[in-house]
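Chain by chain, the residues:
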Amino acid sequence: DAKTTQPPSMDCAEGRAANLPCNHSTISGNEYVYWYRQIHSQGPQYIIHGLKNNETNEMASLIITEDRKSSTLILPHATLRDTAVYYCIVRTRSGYALNFGKGTSLLVTP
Amino acid sequence: GAVVSQHPSRVICKSGTSVKIECRSLDFQATTMFWYRQFPKKSLMLMATSNEGSKATYEQGVEKDKFLINHASLTLSTLTVTSAHPEDSSFYICSASTGEYDYGYTFGSGTRLTVV
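Line order of the protein sequences matches chains A and B. Okay, so the first sequence: first residue is 7 according to our numbering, each after it adds one. Okay, so the second sequence: first residue is 5 according to our numbering, each after it adds one.
Isolated chain A (complex conformation) (with noise of 0.2 Å):
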């Protein structure tokens, strides 16, 4: 699965748009784009994931690059309920386990 780099950290003031970007450059055309978030303690929950289309969701949108080398991922109007660890992962589609990163640290503010 391809590598991807993110942020280690962004902060984001509350009822503001978060916007956590993620390279990956070395994705290759059957590879997917997924985001997933760990608050504290917890484990990770499954935000959205796409191929090369936009995509969006209750919780969030995804925004991927015409070349698909990079993502944002946007949450529209964050709360503090919003801070969390967020992944980004690459992978094929029928691939196994999911390899996490160190991935971004938001922390939305009152």
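It is possible that part of the hints are untrue.
Said to hold, decoys possible - Simulated pairs of lysine to any residue, SDA-like, Cα-Cα distance not exceeding 25 Å:
1) A:Lys75 x B:Ser47
2) B:Lys46 x A:Gln48
3) B:Lys70 x B:Asp31
4) A:Lys108 x B:Ser93
5) A:Lys9 x B:Ser93
No lab work stands behind these hints, which were simulated from the structure alone.
Fit chain B to the given chain A structure using the hints.
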């Protein structure tokens, strides 16, 4: 959605004893389950992959005789930490696959193991 239940959430045990952690898929059949370990301020590290009815596959550096994994049914996998030592203290997390990769994997809430 798919739910994975993990028990216990916290456990304290004495050095030299064994501890069993259970991971159950509540509303789906999990053909494959994964066990992770996470040390403070670190990312999740995959320990092993278990498939129902077969032996688990362990990652390099993980002692299979120390971390016993049993996946006897499509809804239950267990991790037993045998002869636990303080260095085994960690956050253990299980994950289950429905086989529907479009939705990724579902994770348990984790087990905080403290060996004293």
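For which of the previously enumerated hints does the structure constitute a violation, in increasing order of number?
Failing hints, ascending: 3 and 5.
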